[in-house]
Every structure is written in structure tokens, then in C-alpha cells.
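Student: Residues per chain are reported as follows:
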Amino acid sequence: GQSLEQPSEVTAVEGAIVQINCTYQTSGFYGLSWYQQHDGGAPTFLSYNALDGLEETGRFSSFLSRSDSYGYLLLQELQMKDSASYFCAVRAVGGSQGNLIFGKGTKLSVKP
Amino acid sequence: EAGVTQFPSHSVIEKGQTVTLRCDPISGHDNLYWYRRVMGKEIKFLLHFVKESKQDESGMPNNRFLAERTGGTYSTLKVQPAELEDSGVYFCASSQDRGNTGELFFGEGSRLTVL
Numbered sequence: 005g006q007s008l009e010q011p012s013e014v015t016a017v018e019g020a021i022v023q024i025n026c027t028y029q030t031s032g033f034y035g036l037s038w039y040q041q042h043d044g045g046a047p048t049f050l051s052y053n054a055l056d057g058l059e060e061t062g063r064f065s066s067f068l069s070r071s072d073s074y075g076y077l078l079l080q081e082l083q084m085k086d087s088a089s090y091f092c093a094v095r096a097v098g099g100s101q102g103n104l105i106f107g108k109g110t111k112l113s114v115k116p
Numbered sequence: 002e003a004g005v006t007q008f009p010s011h012s013v014i015e016k017g018q019t020v021t022l023r024c025d026p027i028s029g030h031d032n033l034y035w036y037r038r039v040m041g042k043e044i045k046f047l048l049h050f051v052k053e054s055k056q057d058e059s060g061m062p063n064n065r066f067l068a069e070r071t072g073g074t075y076s077t078l079k080v081q082p083a084e085l086e087d088s089g090v091y092f093c094a095s096s097q098d099r100g101n102t103g104e105l106f107f108g109e110g111s112r113l114t115v116l
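In order, the protein sequences belong to chains A and B.
The first sequence begins at 5 in our numbering and counts up one residue at a time.
The second sequence begins at 2 in our numbering and counts up one residue at a time.
Isolated chain A (complex conformation):
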């Protein structure tokens, strides 16, 4: 089957850098996505990595190593508003594009 593992909780202080790791097991791989969800809100797309390496979008970066079945989301210059849950996701093998399998999510708490 397919599965993703990510830490359940991470705590950091404002201004710091935090890395949220995601390891995955899948027989087929199309790319790794990251989503952010504030309590009670809609999951919001952050990034997508199909190839190895680092993708940077402002304060957020995402990294992928296909050989290690591993990726991470890097958040820099943390702000209080970054407190949210972060999910990694891969496309389901045999499923349609958009049929994503999500990790259980990492709850990030940013402290002043």
C-alpha cells in the first residue's frame, strides 16, 4: 500500500526556521505535495515537487529526494500566522490525478 509518515507536532519560536519531514512508501511516484490548514479552514496548497531538489516560494521551501523516498517543508522567519497543520501528500497509484493520499499532518505551534 501507500503511506506517508510525518511528525504529529512541532513547536518553534517566532523568527526561527523549522523543517517538517515526510517519508513515503509507494509503488509508483508522481510527486510530493504540501498543504497548510489552519483550524477550521480549507487546506491550502503550498508546493509540489516532482523532481529531486529544492523548490523555493518566499519563506517556504520544499525539498524532495526520490531515492530516499523523503521530502521536507522548510519554513523560515516563522510568524505567528504560520501556526497551522501541514500535510504532505502523494498521488494514489492507480488513481486519477487529484486522488491524493495525505499524511496525518504535522501541527506546528509558533510561540512568541
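Derived from the structure by calculation, the hints contain no laboratory data.
Careful: at least some of the hints might be erroneous.
The calculated label-pair distances, taken between Cβ atoms and stated as ranges, are [what the hints assert, rightly or not]:
| hint | chain 1 | residue 1 | chain 2 | residue 2 | range |
| --- | --- | --- | --- | --- | --- |
| 1 | B | 51 | A | 54 | 13 to 23 Å |
| 2 | A | 23 | B | 74 | 37 to 47 Å |
| 3 | B | 84 | A | 42 | 25 to 35 Å |
Predicted, not measured: the structure shown is a model, and the values here were computed from it.
The C-beta atom is built at its ideal place from N, Cα and C for all residues, glycine as well.
Guided by the hints, dock chain B onto chain A, whose structure is given.
Tutor: Below, chain B without anything else, positioned relative to chain A:
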């Protein structure tokens, strides 16, 4: 531009009753998806529409769930009869392409509580 909108935001029903959830995707998005998150579990895929056709319904849990997208615009997800284990948050998402970039636009969800 309006995002994905879902209605109702919260529904409380008795076991055995029927509930219909509605999703309006972003205008022009042919692809529409339903996901749900049961308490403490992962967000799980239910099905995918391309316009009015079901492209992938591999995640539908059983025949108590019926999704429709007549006319290829808004979609409804009906649960009949509802069971306790159906409680959770039902998310709708849409995309213009077929999710090639992993980018889906999600609504805020409809929270269903079955008592």
C-alpha cells in the same frame, strides 16, 4: 474570484437520516473532488468528477454515499442513511487541470455530526 464554497458548514443529524452536502467549485474548473476527514484520521479521497462524469470513485466507502454533478457545475454528496461513523469533515476541491501539479483548491468543508 470566488473560491470553492460548500454548504452547509455544519450539519447535525440522527443516525438513519439523510444529509445532502453541496459544493460549488471555482468557476471554470472541470475537475471536482470530494474528500473527507474522520476524527483523528487522515484526509481521504472519495471521488473525482471531470465535468459531469465520475473519473475515479475508488474512495467511496459504500453505497450509502451518492455523489452527483449534473450539468458539470456544482456537486452534491448525499449520505443515506447516515451512520455514526460517517461523522467528520467533508471537503470539496476543484482544479483546472487534472491535478498534474498536485494543486487542488479546497473549500472549508462541511462538518457532519451523526448522533
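Student: Please flag the earlier hints that this structure goes against, numbers listed from lowest up.
Tutor: none
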